[in-house]
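So the sequence lines, in the order shown, correspond to chains A and B.
Letter 214 of the first sequence, counting from 1, is numbered 214 in our numbering, and no numbers are missing.
Our numbering runs 1000 ahead of the 1-based position in the second sequence.
Any given hint could be a false lead.
[To be verified] Pairwise CB distance ranges (calculated):
#, chain 1, residue 1, chain 2, residue 2, range
1, B, 1053, A, 206, 57 to 65 Å
2, B, 1194, A, 109, 43 to 51 Å
3, A, 83, B, 1194, 25 to 33 Å
4, B, 1200, A, 26, 28 to 36 Å
5, B, 1030, A, 154, 45 to 53 Å
6, A, 154, B, 1222, 26 to 34 Å
[Claimed, not checked] Every beta carbon over 10 Å from chain A, so not counted as near; a handful from chain B, in silico:
#, residue
7, 1024
8, 1025
9, 1060
10, 1136
11, 1143
12, 1157
13, 1221
14, 1236
Because the hints were derived from the structure by calculation, they are not lab data.
Cβ coordinates follow ideal geometry from the N, Cα and C atoms, glycine included.
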Amino acid sequence: MTAGAAQGLGERVVAPFGRRLCEVTRNLESGGYRIFSALDPVGPMPAAGQFYMLATDSGWGGNEGRPYLARAFSVADAEQQAGGVRLDFLVQAVGPGTTRLTGLEAGEGLWIHGPLGRPFSAPREVAEGAAGAILVGGGIGVAPLAIWRRQLLAAGVPARVLLGFRDRANSGGLDLFDCSEVRLASEDGHTGHRGFVTDLLAVLLEGDDTGTAVVYACGPPAMLEAVRGMCAERGVTCELAMEAPMACGFGACFGCAIPVRSGGFMRLCVDGPVVRGDEIETALVAGSGH
Amino acid sequence: MIDFCGIELRHPVINGSGTFDAIAARRVFGDQLLDEFPFSAFVSKTITPEPRAGNPPPRLWETPSGLINSIGLPNKGLDGFLADDLPQLAELPVPLIVSVMGTSHDQFALLVEGVGGREEVEAIELNVSCPNVKSGLIVGESPDEARSLLETVRPLTEKPLLVKLTPNVADPVPVAEAAVEGGADSISLINTLRASALAPETGEPWLGGGTGGLSGPAVKAVALARVNAVASTVSVPVVAMGGISTGRDAAEMIGAGASLVAVGTESFRDPAAGSRIAEELAREPARISG
């Protein structure tokens, strides 16, 4: 795989073996979150829904205690540039790893391995005759939907975008979207519909064309579970980008197991993080968010 | 080349059982994994007679410079391993060591015969960190249990038998000596240290399995003392593991009397850590006296 090699929509991209050091090129404030970028010198371009394991070159691991393990982040956007692939990540400080990442400065070193995991699938691959996509994002989970929207539009697939946030202080990542196309919800009513983003989804799913769209969602477990339930009830295919505590990202540690409907567990890092709604009984995964 | 129990190895760095899934890694990294395989021998995840799904999540907890895991030995069982996994592991460019665990002498005998009869397998590691259901004693905590297990399985294969010791005993030396008296060709240590973590919100046990095992740099000093104690007593080669993340760590273990070192948790942070540590070890100016 060479950097920038053309990939079909929704095709899993193989990662270079081992971790590599990237230079952080920017770190911007975005609605209470941060969007930071790193230049990956060897690529490749990731598929939407794939993720990277991230750790800073200094102030991470070893004798410094925590953070110790790398942290998994969905890629929010990626672009081929001179010198490599620019990778964008959306981060909110909630623990020692995310706090270190929000403080990154341009010029710092960032260790990455990836792209990892199973990406979003093209609508036609998961639902016969599906012509469009509905993207549902909540909070920090809007990240993978930004790159997915761009890849869908580039492939000529119409995508409607619904994003929900808790309040003004937790409403980042909008900068990753073209706001004219996005319908918003906020729990505090500071923007868009006052309520949950799933309220907006319910309205869309009542429309005549729901049978021709696939729903793609990423957000907090309760939101994903609501999306999964609504889609299951209406016979709409959905894919959910999920999270679980994860040490390695490439199938080694077996830590990110979630129960699957067929019995037993799947490793979210290699068999996810994107899963079809009908593969699981619930999106309420023990331990997510830590 | 290094001679380990009659097996030729390119360098002294292998993986700890259950810390690297070469089959999953090949899905993620493609055949570059084979070209740059980080270990001089590959140790499989532990195989049990019947399939196991593993423990419910959450399975991981990060500590300062460490990781607690409660994975629960998910595996396909002996038949599934031989049919599905072994042919894929045989494609690796290094010798294969298969880790097995039973809860009775009969189960261990079944596993040793089943795995030992396959020419793809160069050696067998006995994971003895489990109770013998007949006696209720954990094999790796009791010299008598360890000796009697080895006396049972030793006649069943001519392949080298490694015994992986638990650190959860006051003194590992009597267990190591008993295993060698019973016919063990090598001792590997340490397995993880029993550990627990509490959920920050509730104060209840965090791990789905209740308690887990601690690994990473947090345990290296413990491992070094135990490796030194065992290696200076037994006559067979010792495989040292426990928090090794640099060539210096590996050199210390070899200085303490180890023949090989195994890398585990560090591979989660860097999939190619084994290669880096082998290179760093080769550059270490002198072996360090234990």
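We went through each hint and held it up to the structure:
1. B:1053 x A:206: 57 to 65 Å: 39 Å, violated
2. B:1194 x A:109: 43 to 51 Å: 36 Å, violated
3. A:83 x B:1194: 25 to 33 Å: Once the Cβ atoms are compared, 48 Å apart, the range 25 to 33 Å for residue 1194 of chain B and residue 83 of chain A is violated.
4. B:1200 x A:26: 28 to 36 Å: 32 Å, holds
5. B:1030 x A:154: 45 to 53 Å: 25 Å, violated
6. A:154 x B:1222: 26 to 34 Å: 53 Å, violated
7. 1024: 3 Å, violated
8. 1025: Since the minimum Cβ distance to chain A is about 5 Å, residue 1025 of chain B lies within 10 Å and the statement is violated.
9. 1060: Residue 1060 of chain B not clear of chain A: closest Cβ-Cβ about 4 Å, inside 10 Å.
10. 1136: Holds: least Cβ distance 27 Å, greater than 10 Å.
11. 1143: Holds, since 31 Å exceeds 10 Å.
12. 1157: Correct as stated: the minimum Cβ-Cβ distance to chain A is 27 Å, above 10 Å.
13. 1221: The assertion about residue 1221 of chain B holds, with a minimum of 12 Å to chain A.
14. 1236: The claim stands: residue 1236 of chain B keeps its Cβ more than 10 Å from every Cβ of chain A (closest is about 28 Å).
Of the numbered hints given earlier, the model fails hints 1, 2, 3, 5, 6, 7, 8 and 9; all others are met.
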